[in-house]
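Residue numbers (my numbering), protein chains in the order written: chain A, 2 to 1028; chain B, 7 to 213; chain C, 60 to 532.
These are calculated hints, taken from the structure and not from any lab test.
Wrong hints could be hidden among the right ones.
Said to hold, decoys possible - Chain A regions said to be covered by chain C (calculated; three or more residues, Cβ under 8 Å):
(1) 391 to 397
(2) 707 to 717
(3) 847 to 859
(4) 880 to 892
All residues carry an ideal CB built from backbone N, CA and C; glycine is no exception.
This is what each chain is made of:
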Amino acid sequence: MKKIFQHPARDAKPTLWRTQGELENSAEFNESLAREFTDAASGRDAGEGLSRRDFVRLMGAATALTGVGLTGCRRPEAHLVPFAKGAEWTVPGKFLFYASAMPTPAGAVPLIVTTSDGRPTKVEGNPLHPLSNGSTDAFAQASVLDLYDPNRSKEIKHDSLTVGRGDLDNLLAKIRATAGSNAGDGLAILVGRENSPTVERLRAALVQQFPKILWVQDEAISSRGAEEVFDAMFGAGARPACDVAKADVILSIGSDFLNPAESGFGFANGFAKRRDPKGSMNRLYVAENHFSLTGGMADHRLRVRASEYGDFAAAVAAAVASKTGDAGLKSLASAYKGTGVTFDPAWIKGVADDLLSAKGKSLVLDGAQQPAAVRALVIGINAALGNLGTTISVRQTGAKPAAKLSDLCAAIKAGSVKTLLILGGNPVHTAPAGLDFANLLARVPETLHLSLFTDETSKVTHWQVPAAHYLESWGDARSLDGTVCSVQPMILPLWNGISAIEILASLAGEKIDGPSAVRATFASYSKDASDAAWQTFLKNGFAAGTAWPLSAPAFNQGAALAAVQSAKGSASGEFEVVFLRSSSVDDGRYANNSWLQETPDFVTKLVWDNAALVSPADAKALGIKDGDWLRITAGDRYIDAAALIAPGHADRSVSIALGYGRNGVSHVMEKVGFDAYPLRDSSTLGYRGGVAVKALPKDAYVFARTQEHENMEGRNIAREGTLGQFREEPNFASEMDGELPKPVSIYPNPPLTGDLQWGLSVDLNSCIGCNACLVACRAENNVPVVGKDQVRRGRDMAWIRIDRWFASADHREESLEMIPMAVMCQQCESAPCEAVCPANATVHSEEGLNLMAYNRCIGTRYCANNCPWKVRRFNWFDYNERPLDQLYYGPLAPKGMADSLKMAKNPNVTVRMRGVMEKCTFCIQRIEEAKIGRAVKAGASDVTKTPLPAFKSACQQACPSEAIVFGNINDPQSAVSKAKADARTYSSLAYLNTRPRVTYMARVRNPNPAMPGADLVGAANRRNEHA
Amino acid sequence: MEIQRTQPGRDTKMSHHLPICGSKEEPLHAIGARFDTPDQLVAAVNRLRAEGYSAYECYTPYPVHGLAEAMRLPKSLLSFLVLGGGLTAILIALSMELVPSILIYPLIVDGKPLNLSALPQYVPIVVALTLMIGAIAAVKGMIILGGMPRLNNPMFAWDLFAKDASRGFFLAIEADDKKFTTAGVTELLHQLGAGDVTAIHLEEESK
Amino acid sequence: MSATTSNETAAPDLSAIARPPQVLNNRGPLWVTDAVCSIVEGKTPLWWYAAISVSGAFAAIGGACILYMIVTGVGVWGSNSPCFWAWDITNFIFWVSMAHAGSLISALLFLTRQKWSISISRAAEAMTVFAIVCAGVYPAIHIGRVWFVWFLFPVPNSYGMWPNFSSPLLWDVFAVTSYLTVSSLFWFAGMIPDLAVLRDRATTKIRKFAYGLVSLGWLGTARQWRHYEMMYVLLAGLTSVLVVTVTSIVASDCATSVVPGWHATIFPFYFMVGAVYSGSATILTLLIPLRAIYPQLKELITPSHLDKVCKLLLMMGSCVAYVYVFELFNAWYSANPFERGAFWERFTSSYSWYAITCLSINLTIPQLFWFKAVRRCLPLVVVLAILCNVGMWFERFMIVTTTLTRDFLPSSWGNFHATIVDILTATGTVGIFFTLFLLFIRFVPIINMSELKAALPGSQPHGDSAHSTGEGH
């Protein structure tokens, strides 16, 4: 059965190679080529016959040859071929790892990309990068699917006729020619924010060649407003850099800084580092209008309407000023004209005192979407607290401001735009409604849209150009701190996509040859532009020392005052609508990504939809239940959206996520959510006050939520306490089993004999519930997407889910707390699921894994019934093979999955068929891979003495706050053993005596005794039991 | 009772021309007679035993108590067959369960011990199989010991019996009884008050 | 001497202590034979064609649904997470439990020489067999990959794996198989003499051949009867044990799990009493209309027989009531938040109306049978009996489905909504049941004639006259 691979003749000293062995042309390597697998892999347990575990092990073995420690292997640019064409010399199952980065508006996400058989299948964070701890966010994990999405636009179209690349080149040449003749008059270029030095360089080049060119940069959810304030206050191009890890006391005013998509990387990690109750634990105050990830982590949380953030900030400022006698801050506070609402003075005083007690070690943060006045106040407070230069410093980005979308619209109105190249974003959908962009666009004689998908904008532009995915194209991007990351193509463009850089370069008259444009940029900023340096840049994925210089900020009081005075007071009392970044589709750019569409919202656990979030009180006032329709009217525009009652939401405030309700674009987005963009104006990008909300007499809309019951019902599932409690009784969590019987085994359990024993620990204290693990697991384990209807029927397939608990010791909104809790298969040592499977399809390994033999499963589903954590997932239909909207057609529905989607699958994990049960296996494919690696290293010597190659489970690797720790609990030195030894560790449902290998570390909150309701903090487990 | 029947005659000559069924060419199988009540039948059996007859058979529409005792029939062996079947089943079931689960394919399942201390979990199947095989043994045994399945029988040649066995209690004294003489048997049956005494010959096809 | 003369002598002196007669109007054995056989031998009535075409149609639709489910996926049912079992196992337990009563009535009452059960035992056994057939449908098809069902049997295979003998589901496989086998044997073996009677009386060649074939050449010789009686006692004994075993094993599906609301040692008893309860209700539901259709049965299945079944139902109903109370007490007494939660949710969740219907029926209806008036008013009895089975279905649903929807982690709580496929499959099994029962009425004697005749007054020799009054041994 073994296939001998026909390898092309290789020169003794190859110019490109896959392993050190090949480079040295060593005997072992040649042999291994011929034999496909190593002794260690094929030799061990040969007698068993080819069971599933052997298969996994063999696949791993091939990987071990190249994979381990190959991060830096130089990639064979010359031989990149799309796998569709088949690459004769690739060895199936061999992973290659390349450094790259995913450009996002918040800054590049440094990545290590796993490619198998020449196609990228998985991304991980790049641990070498200073800002990254090797973690990613949900968006980065899901970006792989975007690459292979069969809905991507595939052809260059001109007036909806398919044309060739040549026509496009001619167009660009023509544009360049005209621009050359009239200095770029009438040429406008609209780009998104990708923080790419090359784009900046090309922009400079273009401006220099065609001075009259209009360079516009726009993002639907942008921090432009904030940046203008920074320019004014800290000097042009200066951007604050906050060090959360340094702060003892943090006050967040409507800032979801723990959400990587919102704030870039480093925050969650830095914050988590300060949440260990054994160390010096920080304290987090949050004032926000809806529950955010950050709000869930808060020690004290206040519900504040978005339009009253300013008042809140002013109140805090006043309190601080009165203590410090800081005249400047006092003037700022008094200058602010807000809604005039007042807050619980005890709260304000408590916060102010606490901030002052941590002078220079505190931090006040606000959301990027807020008006200049709020931002100025916040900076003022930080200045008064002496945080500037300690927890807040500035980086000089040297960013040159670009024109805004409004400027572009003005220009179009003036008829001065003849040619418009839209190289990023989807302005027709996302532009503030007031600008009436769609109609203006029609006035431009020649328009071009470069995009991954045929979206609203592509539909109306003359030219539609398929964009290259970042995994298909050369590029570069700056991460949050300014470090330049390399963006390398992992595969030739699947559908002839073209990158913005290519277009800009050809406009600028640069000859594009692979990385040439990026290389040229590299030369411009790198001290050492040698080939070696360039190789290192590609190898490490970033250029060390390119971060923007840090400096202590000089705070411009006058500017701040001016900004504060710019605020015009508004009447309190009427409704406001707050526009949120969706945790699933961002601003709508990921709406085509079914992995993300099926990723539950952080807080509402809503999938395949957004909703108008209203507070329970408002719901009562409006007389609505979940799913009832609301008409939200702002000025002369309104939207109809179904409401969802959101505990902990501010009253007289409606929050709605952007990027939904895009019918007629692609079938994935059909009938998904409600479009909130029509309510946005250039002046009200973050939120909009003075809106009218009324209930519509329509049949309730049906939402699909992965968790409908958010009350623990007095069962101590997620456990939390306070810092004081922890200091008195460190193991308070394990004491919470109360009067439940102590577990007793009536059997002598068979010993688990493996030298490796796998275990996992989840730290509820640093788990922020950001879904990164969930999407990482989906990508790693080929977990299918089932669609809204199936989720509604309770059939979602996610192997790891994040339960979100709401708890309020006194049942009042004010004292409401949120606890996210990641739940995956607990790998019980005596697993209830195993006992009841008649076919022995799920049994235990001697390494303590609860194995699942898909081939053997006949689908009685008894195991899932008997699983106390309900982590087992059943393939009710052939989710992989049948279209999700035709599941019920049975054999009448077309069978098979799109080829490109097949390419996205992890070759080391079985794709499960209809009728079998599946569940988390602790990424057994990675475990076996590591064991092969160890066996290879050990060779003849004792395997068990050989250290295991470092590896992580997919969820652990993705976790930004390092809440998940996985490893060998037999090794007392392993991180997981240390975690499990921690006093906070407990296992849920311990009384069942299933002895889970997954344990949880209780959450510890750090309330401020001086605060009102401090005694209600960290009290989620107060008994409120019935019966 | 509206059954037409020939009176039991005192006239011994009658015995020479008995009603005959089956074909005369074929040898005589038995002489059959019908009684109206179980009492007559039991009495007849007692008398036959006293006379020393051994090869005779009674046919009743339902189990007649005391008949078997009168015929001195041995106790049925069935219970031993069932016991045997049950014991075999226990052995089969136990080996089917224990040998693979403990010796051939030992698997760690629910942390249960891979030895006999987990015996309880194997019991239900043992019980179920034992009862099933026991029951099969009982029915099979009854059929075989009862001389079944048998699609034809010389008695069927006798219309009265074949048409309506449920209308009386029949006795047949077989020709191969050592004391058998047509005259003697006929006489005896008449004396016992039997009706429809008939000579039952074999039929062609039953050869 | 004829039956008429026999009761002249037997009747007057013993009437005082005599039990209610086995057959009314002092009918004799010949009459019994004619009465029972006439049902089979008479011309097929029109209502029979009508009835079987209706039940057959339902059965066919059910079959179609099953086919659709198998080719499309279990998802066509409403089952979901956390409620991985719903109507499938609910109906399985419902049917298999109903079966138990039949075996018990015929086997246990035979062992205890309860002669009144003779005239209903045959129908009861038939009900048992058919109910098991219906029950057997579900475990066979409810799994995700039916075509791999052979993994359940201990046969060597390429995966080098073996069934898991600790799984109650595997116990089910063996239990249900042996139950079907044994109860069919019991039913068939008991029928052989009667089939022989039909053979003898058969007028057409086909009937003679067919009945001759199935009666295995039974002649009713003293020897045959001797073995036959022994076999019948043994089978009765085995069946009685088997009933208890099977119901306990089915109960272990729930009892051996860890699910709060399932994990209870009382379940085997719970299921046993529930089983006989619903089974006796079914017997009443079947036999009373049958008496109405075939008047001659009125004299064989006497009011006093039905009265005794009603009393059985009353007793079992009361046991069920006891279990309900005990369960609740146990949950409270356990002081275990999960146990308590399970039962609290049972009565407060969106499923409360299932529990309430179940309790309000099963706690009240059977208690009505304390009153002789109710027991003797047969139309009313039929209605109440049907209600009892409705109540029992709700109980099964409450146990299986409601419990699953509210388990340990509230985060995974969900609800179950039956789909049309669920419903039509369920009605399909009802169709199968009645189709089989109609065939039974038409083609085999629905009353055990030989046993009945043996128990008639004067049917036994006078030397042995104790029997003639129908008293037990």
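Results for each hint:
1. Here the region 391 to 397 of chain A counts 0 residues with a CB under 8 Å from a CB of chain C, which misses the bar of 3, and the coverage is violated.
2. With 9 residues carrying a beta carbon less than 8 Å from a beta carbon of chain C, the region 707 to 717 of chain A meets the three-residue requirement, and the given coverage holds.
3. Counting residues of the region 847 to 859 of chain A whose beta carbon lies closer than 8 Å to any beta carbon of chain C gives 5, which reaches the threshold of three, so the coverage claim holds.
4. Look at the region 880 to 892 of chain A against chain C: 5 of its residues bring a Cβ nearer than 8 Å to a Cβ of that chain, three or more, so the hint holds.
The structure shown violates just one earlier hint, number 1.
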